[in-house]
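> Sequence lines, in order, name chains A and B.
Under the UniProt record's numbering, the residue at position 245 of the first sequence is numbered 245, and the numbers go up by one with no gaps.
Under the UniProt record's numbering, the residue at position 200 of the second sequence is numbered 200, and the numbers go up by one with no gaps.
Hints in this document: simulated from the structure, not taken from any laboratory.
Built from N, CA and C at the ideal position, the CB exists for glycine as well.
Any given hint could be a false lead.
[To be verified] Restraint ranges, calculated between C-beta atoms of paired labels, are given here:
| # | chain 1 | residue 1 | chain 2 | residue 2 | range |
| --- | --- | --- | --- | --- | --- |
| 1 | A | S123 | B | V48 | 46 to 54 Å |
| 2 | B | L24 | A | P77 | 46 to 54 Å |
| 3 | B | W33 | A | Q156 | 49 to 57 Å |
| 4 | B | A129 | A | R5 | 47 to 55 Å |
[To be verified] Covered stretches of chain B (in silico footprint by chain A; criterion: 3 or more residues with CB under 8 Å from a CB of chain A, positions within the stretch not fixed):
| # | region |
| --- | --- |
| 5 | 65 to 74 |
| 6 | 85 to 97 |
[To be verified] Counterexamples of contact, computed for chain A against chain B with all Cβ distances above 10 Å:
| # | residue |
| --- | --- |
| 7 | E30 |
| 8 | E44 |
| 9 | A52 |
| 10 | G75 |
| 11 | D124 |
| 12 | A246 |
| 13 | D251 |
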Amino acid sequence: MLRLRAIQLFIAGVLGMAILAGSSSARADEALVAVAANFAEAIEQLAPKFEAATGHRIVATTGSTGKLYAQIKEGAPFHILLSADARTPAKLAEEGAGDGDSQFTYAVGKLALWSGNKEMIGSDGAETLKAGSFQHLAIANPELAPYGVAARQTLQALGLWDSLQSRIVMGENIGQTHSMVATGNAELGFVALSAVQSPTKPSEGSFWIVPQDLFKPIRQDAILTNAGKDNAAARAFLDFLKSDEAHAIIDSFGYGF
Amino acid sequence: MTIPDLGPLWLTLHLAALTTIILLIVGTPIAWWLSVTRSRLKAVVEAVTALPLVLPPTVLGFYMLVFFSPNSAIGGLWVEATGTKLTFSFTGLVVCSAIYSLPFTVQPLQSTFETLGRAPMEAAATLRAGPLDAFLTVISPMAARGYLTAVVLTFAHTIGEFGVVLMVGGNIPGETKVISIAIYEHVETIRYAEAHILSAGMLAFSFLVLLFVYVMNRRFPIHVGGST
Numbered sequence: 001m002l003r004l005r006a007i008q009l010f011i012a013g014v015l016g017m018a019i020l021a022g023s024s025s026a027r028a029d030e031a032l033v034a035v036a037a038n039f040a041e042a043i044e045q046l047a048p049k050f051e052a053a054t055g056h057r058i059v060a061t062t063g064s065t066g067k068l069y070a071q072i073k074e075g076a077p078f079h080i081l082l083s084a085d086a087r088t089p090a091k092l093a094e095e096g097a098g099d100g101d102s103q104f105t106y107a108v109g110k111l112a113l114w115s116g117n118k119e120m121i122g123s124d125g126a127e128t129l130k131a132g133s134f135q136h137l138a139i140a141n142p143e144l145a146p147y148g149v150a151a152r153q154t155l156q157a158l159g160l161w162d163s164l165q166s167r168i169v170m171g172e173n174i175g176q177t178h179s180m181v182a183t184g185n186a187e188l189g190f191v192a193l194s195a196v197q198s199p200t201k202p203s204e205g206s207f208w209i210v211p212q213d214l215f216k217p218i219r220q221d222a223i224l225t226n227a228g229k230d231n232a233a234a235r236a237f238l239d240f241l242k243s244d245e246a247h248a249i250i251d252s253f254g255y256g257f
Numbered sequence: 001m002t003i004p005d006l007g008p009l010w011l012t013l014h015l016a017a018l019t020t021i022i023l024l025i026v027g028t029p030i031a032w033w034l035s036v037t038r039s040r041l042k043a044v045v046e047a048v049t050a051l052p053l054v055l056p057p058t059v060l061g062f063y064m065l066v067f068f069s070p071n072s073a074i075g076g077l078w079v080e081a082t083g084t085k086l087t088f089s090f091t092g093l094v095v096c097s098a099i100y101s102l103p104f105t106v107q108p109l110q111s112t113f114e115t116l117g118r119a120p121m122e123a124a125a126t127l128r129a130g131p132l133d134a135f136l137t138v139i140s141p142m143a144a145r146g147y148l149t150a151v152v153l154t155f156a157h158t159i160g161e162f163g164v165v166l167m168v169g170g171n172i173p174g175e176t177k178v179i180s181i182a183i184y185e186h187v188e189t190i191r192y193a194e195a196h197i198l199s200a201g202m203l204a205f206s207f208l209v210l211l212f213v214y215v216m217n218r219r220f221p222i223h224v225g226g227s228t
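Modelling step: build the complete structure from the supplied sequences, incorporating the hints.
Set out below in structure tokens:
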């Protein structure tokens, strides 16, 4: 008898949770923003400022640019894509999945070679890479993440891409790559400078800002998707990203413009 | 049509076969102990064994990253002993898989041993067979069906592993890029033709495995009560 009561209570609890969860659905003044992983921390700083100023709400989903692109192509309800490159938004516009007129560069990313070990990387990270006293070098998957493309270009420019092949491990996005280095499983890795010198959570260890002439500039563009064309909150957020207030925050993460 | 690289397939089969062999060796004593013990610890060991069924793979993946790290005690010892790291390695995947698939070995074996009861062991003992001898010559053959279920389920479950490998594998071709990871990457990069070929293969394989288990259970229902 007691057991039956317990089971009934459990079922009631599960149903109750299902109903509660169902009631918090999307509102009209809410924008769903797909954010490239490197910008995850910046958006956390930007969203509350934007929400306080406009009363709109931002719901951010982070992932690799390639993955977010595939999801938008398959009809994911994102209103904005904050890409880690300029190519992906342009592709969305060409394919009729985004509003080409809305595309603009919200930040220019910088690449850093980072290690959790303070001694690992000296003033010239290229020397560290050439010396090769490490087992694993983490990069983001170049198939999915623009920061991975930049990492590959850097290694190619240094003539190390082929010789380091067996030591390269790939994260699905720059965030996962960061965690591989942060947990010490990879001795060093190419990550977004924004994550290493984050004003909120600066990383420990040693890092080297990869010179801009070793890789093509990481121009990070934003675009409205078809789903977002009539969303007031989405348009307002794109405008906000161009404001001085937003630029100050983005700048504090080490991005350029 | 683009034929996808089949390297991940062989790697996955290799991983599943190795994991199954290791789990048979490790899982048999655990299952046997669970089937005969009257210890209060039984419930605790059963719960621990069943944990991988319940936990999100991300929990396992996260703890593997933390504990396998060369900066941690376990990961550090491993690096000292072998010179290599557990993360981003095939060996690491074997360890992860053995933990992840443990219940699929232990549970069918345990229920088989329980169905057999103590009588066969006692009978063997009266014929002066030592416990190990009795287990190998009397119990093992009688539990063959349970072993078959355990082998098939462990093998198949290891093939289906994804979340943990995604987190600790590092996507290295020939080392940690297993079939589920390859499919994921094909989908994410919108190479659906390759994803279709690998996925359809997985679907057919999984169906055949389960069909095999259920047909065997129906034909020889004797010793496999509720083992799946």
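> When the structure is checked against the list of hints, which entries are broken? Sort them ascending.
none
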